[in-house]
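All chains, full assembly: derive it from the sequences and hints.
Line order of the protein sequences matches chains A and B.
The first sequence begins at 1 in my numbering and counts up one residue at a time.
The second sequence begins at 1 in my numbering and counts up one residue at a time.
Hints in this document: simulated from the structure, not taken from any laboratory.
Fair warning: this is a prediction, and the values are worked out from it, not measured in the lab.
Yeah, the Cβ is synthetic: ideal placement off N, Cα and C, and Gly gets one too.
Don't take each hint at face value.
[Stated by the list, open to error] Beta-carbon label-pair distances, calculated as ranges:
id: 1; chain 1: B; residue 1: Ala-136; chain 2: A; residue 2: Arg-134; range: 25 to 31 angstroms
id: 2; chain 1: B; residue 1: Arg-100; chain 2: A; residue 2: Gln-83; range: 54 to 60 angstroms
id: 3; chain 1: B; residue 1: Leu-63; chain 2: A; residue 2: Arg-134; range: 46 to 52 angstroms
id: 4; chain 1: B; residue 1: Asp-103; chain 2: A; residue 2: Trp-180; range: 46 to 52 angstroms
id: 5; chain 1: A; residue 1: Ala-168; chain 2: B; residue 2: Val-15; range: 22 to 28 angstroms
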Amino acid sequence: MSVAVTIEAIDKRFLAFQALRNVSLDIQPGELVALLGPSGSGKTTLLRLIAGLEQADAGRVLFGDDDTRDLSLRDRRIGFVFQHYALFKTMTVAENIAFGLRSRPRAERPDGAEITRRVKALLELVQLPDLERRYPSQLSGGQRQRVALARALAIEPQVLLLDEPFGALDAKIRKDLRAWLRDLHSRTGHTTVFVTHDQEEALELADRVAILHEGKLEQVGTPDDVYDHPATPFVCEFLGEANRLPVKIVGSQAFLGDRPVLGGLTQNQSGPAALYVRPHHLKFVDETPLSIPGVVEQLRRTGALRRAEIAVAGLTKRLDLDLTSQVAPAIGERVRVKITHATAFATA
Amino acid sequence: MAASAASSSWRQPSVLPGLGLSLGITLTALSLVVLIPLAALFIKAASAGPAEIWAIATSPRTLAALRLSFLGALFAASINAVFGLILAWVLVRYEFPGRRLVDAAVDLPFALPTAVAGIALAAIYAPNGWVGSLLAPYGIKIAYTPLGVMVALIFIGLPFVVRMVQPVLEESQGDIEEAAALLGASRLRTIFTVVLPPVMPALLTGFVLAFARAVGEYGSVIFIAGNVPMVSEIAPLLIVIKLEQFDYAGAAVIATMMLLISFALILLVNLIQARTRRKLGDV
Ligand SMILES: Nc1ncnc2c1ncn2[C@@H]1O[C@H](COP(=O)(O)OP(=O)(O)O)[C@@H](O)[C@H]1O
Ligand SMILES: [Mg+2]
Chain A
1 MSVAVTIEAI
11 DKRFLAFQAL
21 RNVSLDIQPG
31 ELVALLGPSG
41 SGKTTLLRLI
51 AGLEQADAGR
61 VLFGDDDTRD
71 LSLRDRRIGF
81 VFQHYALFKT
91 MTVAENIAFG
101 LRSRPRAERP
111 DGAEITRRVK
121 ALLELVQLPD
131 LERRYPSQLS
141 GGQRQRVALA
151 RALAIEPQVL
161 LLDEPFGALD
171 AKIRKDLRAW
181 LRDLHSRTGH
191 TTVFVTHDQE
201 EALELADRVA
211 ILHEGKLEQV
221 GTPDDVYDHP
231 ATPFVCEFLG
241 EANRLPVKIV
251 GSQAFLGDRP
261 VLGGLTQNQS
271 GPAALYVRPH
281 HLKFVDETPL
291 SIPGVVEQLR
301 RTGALRRAEI
311 AVAGLTKRLD
321 LDLTSQVAPA
331 IGERVRVKIT
341 HATAFATA
Chain B
1 MAASAASSSW
11 RQPSVLPGLG
21 LSLGITLTAL
31 SLVVLIPLAA
41 LFIKAASAGP
51 AEIWAIATSP
61 RTLAALRLSF
71 LGALFAASIN
81 AVFGLILAWV
91 LVRYEFPGRR
101 LVDAAVDLPF
111 ALPTAVAGIA
121 LAAIYAPNGW
131 VGSLLAPYGI
141 KIAYTPLGVM
151 VALIFIGLPF
161 VVRMVQPVLE
171 ESQGDIEEAA
181 ALLGASRLRT
191 IFTVVLPPVM
201 PALLTGFVLA
211 FARAVGEYGS
221 VIFIAGNVPM
231 VSEIAPLLIV
241 IKLEQFDYAG
251 AAVIATMMLL
261 ISFALILLVN
271 LIQARTRRKL
281 GDV
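In structure tokens, the structure reads:
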């Protein structure tokens, strides 16, 4: 039922504007892939290209071994959930869900009783039993979202495409639905691509994350891959907060000014570089080699953690550091911090 | 019980203050402008006495005029509903050279003095006019026949349908059509089950407006109708004829009949309207 999706060297332009540049992506059958990127990076465009709602200027999309250009929209068997749901507002929930089945050619169309049965089963699956007779205007945002998903699943799609599935919902419901979608995916096993601009959502939900930036695919990999080993500065900064230190790399060591701050670098990239360090990859240390002296200027609360802002001579921006223990330095205290993990990108 | 509940809800504080005042002003204005003149019409009609009222109301000439006015308006509004919808669809969905021009031209029947429209239509559809001369060889006569009445009524009613439907079509996002296509629906099924139903309330309103306008239309019709009693004489014209003969009671009786029929029809449509609207929620 699920099918592999192969995206080969897709280019797409709108008039003079290049929305996608040479995008290639292989998606395994049953995989859950997140398309992640800031607003305007081309996520929706790529999703619509996979669905066949948009034509590529170059490149192609394969479902299994079939070139999708040879398939009609119906034959592609795509379950598409639109960002604003696109429910049919003059139809009840049941009619919305049954729409795909009722649109089949007569020979393949299930009879009325079978359709009713399937609608019931789908409503159960999306945890909205007993809402058959409601109209979309009588549902909450989260309920509409799930009706849209049930409608997409009704046609037994080969590929499920979701455009910002939780975009219009509030934070609490987003979190609940995330876990629920993950669970639903492990039960139904559809090849699924979902679009999001929320890196936390992408990392938590997806088997693999594909990061788009200005129409280019910056990196594709598992959440651990892309988070721990970002391929570009953009990916590094987009996936989470990071301190950026302008350093010079000599041999296996990075120097801030003339002070060595990090050793054991394996890439052979001597010269000026930017060192990206996540706030939780900095820790307070006593006087040791490779530590950076500074002064605590601010203490803040960020959710579960507390954060210290440390002014360092030679840096215009303060370093952000997540405190791992309850013992916190006082504001104004002189401290030393050490980098436990960092990613270096050569700068010109 | 019921009375006290009603009075307490009447007094309930509201985010929109001034209900009492605005309702008072509205009702006063409505009375002065609409209700009092209509009451006067009834009183005038009643002054005729039952026997005379019955005689005027059932006279063949009155009935023929009423039939032409109402059936003609109904027919014209139906035609307008169909073509107005198509026109609105074309204006919303397609980019073509001259689209803005066509869009602006839709309003012309609004803007034109009705007499001007009547003269123009009569000139075009007369047996020696542009269109009339093309149809004459086939024995089709438009000007000075009931067909001419229809042409005039269609002409003046078209903008109502287009202008009612257009914003609704503009607002309906393309994504419901894409959703339907991906779910496997044919183009036709998509149009009839997905695109058109949300447009129905607006289309119905446009239909009613076009109908109401057509029933009351006078200026543009009399030039093209020929006004042959029993054949192409519309009810408003009959009223004017009665007035010119100083038969005020007779005019009032016919006017009252038009009023009652129109009111009943519009009420009926509003009931249908309310039912379809409830489905769409508060839109
Ligand atoms: N139909 C279109 N015509 C012109 N430009 C478009 C069209 N669709 C998208 N774009 C442009 O392509 C870029 C990417 O859009 P989109 O894929 O919607 O971004 P995202 O979903 O990542 O926010 C945007 O700059 C947008 O303005
Ligand atoms: Mg988008």
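Hint check:
1. B:Ala-136 x A:Arg-134: 25 to 31 angstroms: violated, 59 angstroms
2. B:Arg-100 x A:Gln-83: 54 to 60 angstroms: Taking Cβ atoms as reference, Arg-100 (chain B) and Gln-83 (chain A) lie about 31 angstroms apart, which means the hint is violated.
3. B:Leu-63 x A:Arg-134: 46 to 52 angstroms: 49 angstroms Cβ-Cβ, so the 46 to 52 angstroms window holds.
4. B:Asp-103 x A:Trp-180: 46 to 52 angstroms: holds, 47 angstroms
5. A:Ala-168 x B:Val-15: 22 to 28 angstroms: holds, 26 angstroms
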